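So the chains spell out like this:
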Amino acid sequence: EVQVVQSGPEVRKPGTTVKISCKFSGDTFGDYYIHWMRQAPGKGLQWLGLVDPEDGDTKFGDNVQGGVTMTADPSTDIAYLELTSLRSDDTAMYFCAADTKSLGSIYLDPWGQGTQVTVSS
Amino acid sequence: IQLTQSPSFLSASVGDSVSMTCRASQDISNYLAWYQQKPGKAPKLLIFTASTLHTGVSSRFSGSGSGTEFTLTIDSLQPEDFATYFCQQLAVYPRTFGQGTKLEIK
Numbered sequence: 004e005v006q007v008v009q010s011g012p013e014v015r016k017p018g019t020t021v022k023i024s025c026k027f028s029g030d031t032f033g034d035y036y037i038h039w040m041r042q043a044p045g046k047g048l049q050w051l052g053l054v055d056p057e058d059g060d061t062k063f064g065d066n067v068q069g070g071v072t073m074t075a076d077p078s079t080d081i082a083y084l085e086l087t088s089l090r091s092d093d094t095a096m097y098f099c100a101a102d103t104k105s106l107g108s109i110y111l112d113p114w115g116q117g118t119q120v121t122v123s124s
Numbered sequence: 091i092q093l094t095q096s097p098s099f100l101s102a103s104v105g106d107s108v109s110m111t112c113r114a115s116q117d118i119s120n121y122l123a124w125y126q127q128k129p130g131k132a133p134k135l136l137i138f139t140a141s142t143l144h145t146g147v148s149s150r151f152s153g154s155g156s157g158t159e160f161t162l163t164i165d166s167l168q169p170e171d172f173a174t175y176f177c178q179q180l181a182v183y184p185r186t187f188g189q190g191t192k193l194e195i196k
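These protein sequence lines are chains A and B, in that order.
Sequential numbering from 4 applies to the first sequence in the numbering used here.
Sequential numbering from 91 applies to the second sequence in the numbering used here.
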């Protein structure tokens, strides 16, 4: 069974950097894309982008700021989302989710449990 | 591609049947998924390719549509169905989500 487990909550000051992780297990990491989503308090889901663990290729959502980096480490089966120059409006729950390449990228499942990032001075 | 869900809020009682809509700004064929999200939890996949029920999801859920208009129907509402529902298009990049429909108990 494929599972993705995210790292714990983070608190940062404005202008700093945070890197959250998404540990994949249960199948071949390179056979999946890892997507990242953001959900601000009381709001809907924003698609941030994805990373392909096989070659590191990335795709980004519209209006995703330049301070977003997505990487994946095939040696550990972990994907990372790094946010730099944090602002208070980056305060949100961040989710990762797996996407099966062989099925033609037709859904996101499973999802991680979410990582709360709080940006406050 | 923009996805517009309606209504934004839906009030219903246990045992009712409800439907909600997701409209795409362009033709996305059947590349649409529906997710259920409860407060403080991650979204869960319900339906993919517009009408295919995900493994383990109750048959009370059904999806229909193609092109630009899609519908999620829930028959015989159960207490555990009261949640927020999101649609997502997987036809093109960037992937996008609808703004959600919150299903509340009347």
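One should not assume that every hint holds.
Derived coverage of chain A by chain B (criterion: at least 3 residues anywhere in the stretch with Cβ under 8 Å from a Cβ of chain B; other residues may be distant) [to be verified]:
id	region
1	24 to 32
2	38 to 49
3	55 to 66
4	115 to 122
The following residues of chain B were derived to be distant from chain A, with all beta-carbon distances above 12 Å [stated by the list, open to error]:
id	residue
5	Pro97
6	Ser101
7	Ala102
8	Asp106
9	Arg113
10	Lys131
11	Leu135
12	Gly155
13	Gly157
14	Thr158
15	Glu159
16	Gln168
17	Leu193
18	Glu194
Because the hints were derived from the structure by calculation, they are not lab data.
In this text the structure is predicted, and so the values were computed from the model without any measurement.
Positions of the beta carbon are idealized from the N, C-alpha and C atoms, including for glycine.
Verification of the supplied hints:
Against chain B, the region 24 to 32 of chain A contributes 0 residues with a C-beta closer than 8 Å to a partner C-beta. That does not satisfy the three-residue criterion, and the hint is violated. Chain B is given as covering the region 38 to 49 of chain A, and this holds because 5 residues of the stretch bring a CB closer than 8 Å to a CB of that chain, at least three being needed. By the rule of at least three residues with a Cβ nearer than 8 Å to a Cβ of chain B, the coverage given for the region 55 to 66 of chain A holds, with 4 such residues. Here's how the region 115 to 122 of chain A fares: 3 of its residues keep a CB closer than 8 Å to some CB of chain B, so the rule of at least three is met and the hint holds.
Chain A leaves Pro97 of chain B outside its interface by the beta-carbon criterion, the shortest separation being 14 Å against a cut-off of 12 Å. With a closest Cβ-Cβ approach of about 18 Å to chain A, Ser101 of chain B is found to remain outside the 12 Å limit, as its non-interface label requires. A cut-off of 12 Å between C-beta atoms confirms that Ala102 of chain B is not in contact with chain A; the least separation is 21 Å. In this structure Asp106 of chain B is separated from chain A by more than 12 Å, as the shortest Cβ-Cβ distance comes to about 24 Å.
Separation of Arg113 of chain B from chain A is adequate, the least Cβ-Cβ distance of about 15 Å exceeding the 12 Å criterion. Interface exclusion of Lys131 of chain B from chain A breaks down, the closest Cβ pair being 8 Å apart, not more than 12 Å. A beta-carbon of chain A comes within 12 Å of the beta-carbon of Leu135 of chain B; the shortest separation is about 4 Å. Distance check for Gly155 of chain B against chain A: the nearest CB is about 15 Å away, which clears 12 Å, and the non-interface claim stands.
Separation of Gly157 of chain B from chain A is adequate, the least Cβ-Cβ distance of about 16 Å exceeding the 12 Å criterion. In this structure Thr158 of chain B is separated from chain A by more than 12 Å, as the shortest Cβ-Cβ distance comes to about 18 Å. No beta-carbon of chain A comes within 12 Å of the beta-carbon of Glu159 of chain B; the shortest separation is about 19 Å. Once the 12 Å rule is applied to beta carbons, Gln168 of chain B is consistent with being away from chain A; the minimum gap is 22 Å.
With 12 Å as the threshold on Cβ separation, the claim that Leu193 of chain B sits away from chain A holds: the shortest Cβ distance comes to roughly 15 Å. The Cβ of Glu194 of chain B sits about 15 Å from the closest Cβ of chain A, beyond the 12 Å cut-off, so the non-interface label holds.
Hints 1, 10, 11, counting from the list given before, are not met by this structure.
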